[in-house]
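Given next are the chains, with one letter for each unit.
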Amino acid sequence: MATATASTPVRDTGIGALLRHRAVTKLLLLAVVAAVAVPIVNAKWASGAWPDALTVDLSEPLGKASDWIIDNRDSHPLFVYFLGHVSNAVVLSVRGVYLVLLAAGWAGVTAAAAVVAWRVAGVKLAATAAAAFGICGLLGMWVPTMQTLALMTVAVLASVVLGMLLGLAAGLNDRVFRMMRPVLDTMQVLPAFAYLLPVVLVFGIGVPAAVFATVVYAAPPMARLTALGLRGADGGVMEAVASLGATGRQRLLSARLPLARKELLLGLNQTIMMALSMAVIASVIGAGGLGDRVYQALASVDVGQALAAGIPIVLLAVVLDRVTGAAGERLGAQTEDTSVFRGWRGWSLAAAVTLAAALASRFADRLEWPTSWVVQIAEPVNTAKDWMVDHLYTGVPVVGGTADWAAHFTTYVLDPVRDGLQGLPWWSLLLIVAALAWVIGTWQTALTAVLAMAAIGVLDVWNASLDTLSQVLAGVAVTLVLGFAIGVAASRSRRLERLLRPVLDVFQTMPQFVYLIPVVALFGVGRAPAVFAAVVYALPAVVRITTQGLRQVSPAAMESAKSLGATNWQVLRQVQLPLARPALLLALNQGVVLVLAVVVIGGLVGGGALGYDVLAGLARGDLATGLVGGIAIVCLGLMLDRVTQPTERRAKKGA
Amino acid sequence: MGTRTTRTTCTRVIASVGAGAALLALSGCGKADMSKQASPYANAAGAKTVTLSVQSWVGAQADVAVAEYILKEKLGYRVDKVQIDEIPAWDALSQGRVDAIMEDWGHPDQEQRYIKDKKTIVPGGDVGVTGHIGWYVPTYFAKKHPDVTDWKNLNKYAKDFRTPESGGKGQLMDGSPSYVTNDKALVENLDLDYKVVFAGSEAAQITQIEQFAKQQKPFLTYWYKPQWLFKKVPMTEVKLPAYKEGCDADPEKIKCAYPHTPLQKYFNADFAKNGGDAAAFLKRFKWSEADQNEVSLMIADKKMSPEDAAKRWLADNEAKWKAWLPRG
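Residue numbers (this note's numbering), protein chains in the order written: chain A, 1 to 655; chain B, 1001 to 1328.
If we strip away everything but chain A, and leave its shape as in the complex, we get (with noise of 0.2 Å):
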């Protein structure tokens, strides 16, 4: 983030004016290719909406497909002699974290969180970690919280295991770097839902895909910070390194790895995030614990429930955040630890009270949480939620009720830019696409999303894929205003930064699925609280970004404006804005990339189009619509990628 936004304040002016120049060029460039294409492929085939003579059909072969895989998977070789195996070692794995987490009990689970915390990142943090722990004791979920704590432990190992071995590869190796670079940029752009099914088929529901469509989601920030660290590593401190004559395999251990050690903890710390938040997708098909908490809530229209599931998952997530994080900066700090528990004594302290621990709970009986001291806050929750629903679904007077709104949003702004959408002729969305990746890209970007587009067409889901499309665009709008809004808002003030803070963290770490019901409560079944869902998903980074942006601008820069008698809303116009221009545009980027996330889950709230298409698969086994649905989606979210991307990549997904 501090490299994204660092480099570019001063240099504006200049470029700027080239850069509007060489986007008139290549303009001109694709204006005249379009000249001579179009007429050609406008008359061989004139309609509006992509040719059927350029569609393939793969239902055939995926059904195909996916039969072979059911009648094959118990006898043929690939499954009996490979997957099969991959399979058990994640079930055994799993199962032995759980048997490990479930024998210290939760006195032991909840002091070793402490002690580890106080070991790492100091007292304030193992007291978060306790608190933490003992609230999801309280919610009544021990149980879940160590079923996903388990699946979490194994899916982040194998995640960093597989991300540093791409990462060294991609380190070491320029060629492996130039390859691997699209290949973890496309992985970390596709929605996860997206490529649920696939996995699915091959190892079946439940806790091995669970772990698999994990790790696909949560490796590629590994990998990435691994390579950026290895390359990153001082030229000077190499050479001496190597000039005392050091082997390759001792120069990586002793100097090039030791020098990443903060890119690999924020690898860490991005894996972790990324893997906490697929713990819910993931429930769809069967990895039990929290996630499978809050589904099963949400099917019986219990809010409160699925909020009591959802607060752990949160707990977890800024617990290992703030943990991993602090740990970062520990290290960066080499400040000297003068304490009596510094090293292997703070060290084997914490192992003593987490064994004490656990072993007093075994000895007084008391292994698992008492349910005695459940707090039952679905209840209130509920009547909360049922009064909102009361009060503002319709006819609340002057503004109208929520309802209403919703029915004004898609009658008003999805309808239309739907229609819009479907009605253009399917060429001129291949060229304004071309235009919108070119000017803002390279003719690689432009290439890579006009291809993506072609391939929807060709996939036969050109209408579907459109109303997606036309989701995204009305969230990405309504979102891009409110967190443009609330980010220069909290640009100007600590306060409101401060007071923001926690509320960001939470609806950024809550699980997307606990939107879903209250946004269908306040909203009504359809387009219109998918998209909701989605603002409210893609807000807080939004805000983050910009407010961070913001904030980068050169304070000179303001103050010698304010000198020259320019108000407020005249600096934050011509100055700020204008500066943290490249933050605005990663702010974009990344609210793109949420909001398609979000849309597709939409469809189980009636939201449609392509996320219901890879529900209809995975609830009937559907290969064929499920997967075109997802390759769909994968499409679309390349192609959105690359048209708001600026020429170089500069930040990670969630960051």
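The hints are simulated quantities; they were obtained by calculation from the structure and are not laboratory data. One or more of the hints may lead you astray.
[As the list claims (entries may be wrong)] Below, simulated EDC-like cross-link-like pairs (lysine to aspartate or glutamate); rule was C-alpha separation at most 20 Å, straight line:
1) B/Lys-1231 / B/Glu-1294
2) B/Lys-1159 / A/Asp-415
3) B/Lys-1116 / A/Asp-71
4) B/Lys-1311 / A/Glu-379
5) B/Lys-1074 / B/Asp-1277
6) B/Lys-1195 / A/Asp-419
7) A/Lys-385 / A/Asp-404
[To be verified] To spell it out: a stretch of chain B is covered by chain A in this simulated footprint if at least three of its residues, at any positions, have a beta carbon under 8 Å from a beta carbon of chain A; those stretches are:
8) 1078-1089
9) 1196-1204
[What the hints assert, rightly or not] Looking from chain A toward chain B, a few residues come up when the C-beta cut is under 10 Å (computed):
10) Asp-67
11) Val-91
12) Val-94
13) Val-97
14) Leu-151
15) Val-207
16) Gly-289
17) Leu-298
18) Val-389
19) Leu-516
20) Ala-521
21) Ala-528
22) Gly-606
23) Gly-608
For each residue, glycine too, the CB sits at the ideal point set by N, CA and C.
Dock chain B against the given chain A, drawing on the hints supplied.
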């Protein structure tokens, strides 16, 4: 020199990764049985575990709640519940990831594949409840317009059922894509001026129905019996052309109503054989529609925990559940 050593390091890394993979392959020389893949959370810490698949509708949750309570409190099992959609649940059952499905609405393809061909699943008998899918309008609307309950008059009312989502047509609200439905074909084949809008999940559908009912608005929805929601929002079925055996054979040409289905239980074959008391009890589990609705209503409407709801039902119906316990 710099590049050469990096390359050797790289080769070494690749070599060691390769060695690791080979080791994994060697250690994995035995056969892995994909049909015995219990959940990692099963039978942990010395407890016997039964894993039940919970379907997303509340009726199935009621079956599971009562079965779970008895398994836990009376037979000493630990119960894991996993929520999975209907068809993947069959697959999970065949792999042993779940031990039992407590309520199935009829899946001929799956029965053929897993029961007859692969023999990894065995039927577990009737639940005791008969299910029926149909189209429903709220009773307050049917009373005002009695002729809406015949499909032939539906086009007359299309404008009453219009919503922002249905465009210019009437809205026929469907639920989760996993539920058995012929509605798109029916709308087409019966020439109805309607659009099928999928709520996406039962939860979303119930929430929407309750909202409509609160405002006394007309709506047309795919719905099914038995269902606790009828007690809160009385609904009247719309008559579709009568169901005859085989009229739903070709999904494209369907022109008739949905059948009445006696709901079934299914078990993993291995569990049915070696599941001990748990399997014996689940086989004998059978209750009535009224019983199921009573528990469903407690869970979904009164927001009781499934455990409390089951406890309350057990307290009032001792004779019924005692008969399910394995004898001896």
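Evaluation of the provided hints:
no.: 1; hint: B/Lys-1231 / B/Glu-1294; verdict: holds, 10 Å
no.: 2; hint: B/Lys-1159 / A/Asp-415; verdict: holds, 19 Å
no.: 3; hint: B/Lys-1116 / A/Asp-71; verdict: holds, 13 Å
no.: 4; hint: B/Lys-1311 / A/Glu-379; verdict: holds, 19 Å
no.: 5; hint: B/Lys-1074 / B/Asp-1277; verdict: holds, 11 Å
no.: 6; hint: B/Lys-1195 / A/Asp-419; verdict: holds, 17 Å
no.: 7; hint: A/Lys-385 / A/Asp-404; verdict: holds, 18 Å
no.: 8; hint: 1078-1089; verdict: holds (count 10)
no.: 9; hint: 1196-1204; verdict: holds (count 8)
no.: 10; hint: Asp-67; verdict: holds, 9 Å
no.: 11; hint: Val-91; verdict: holds, 5 Å
no.: 12; hint: Val-94; verdict: holds, 4 Å
no.: 13; hint: Val-97; verdict: holds, 9 Å
no.: 14; hint: Leu-151; verdict: holds, 8 Å
no.: 15; hint: Val-207; verdict: holds, 5 Å
no.: 16; hint: Gly-289; verdict: holds, 8 Å
no.: 17; hint: Leu-298; verdict: holds, 5 Å
no.: 18; hint: Val-389; verdict: holds, 8 Å
no.: 19; hint: Leu-516; verdict: holds, 8 Å
no.: 20; hint: Ala-521; verdict: holds, 5 Å
no.: 21; hint: Ala-528; verdict: holds, 8 Å
no.: 22; hint: Gly-606; verdict: holds, 5 Å
no.: 23; hint: Gly-608; verdict: holds, 7 Å
The structure agrees with every numbered hint stated previously.
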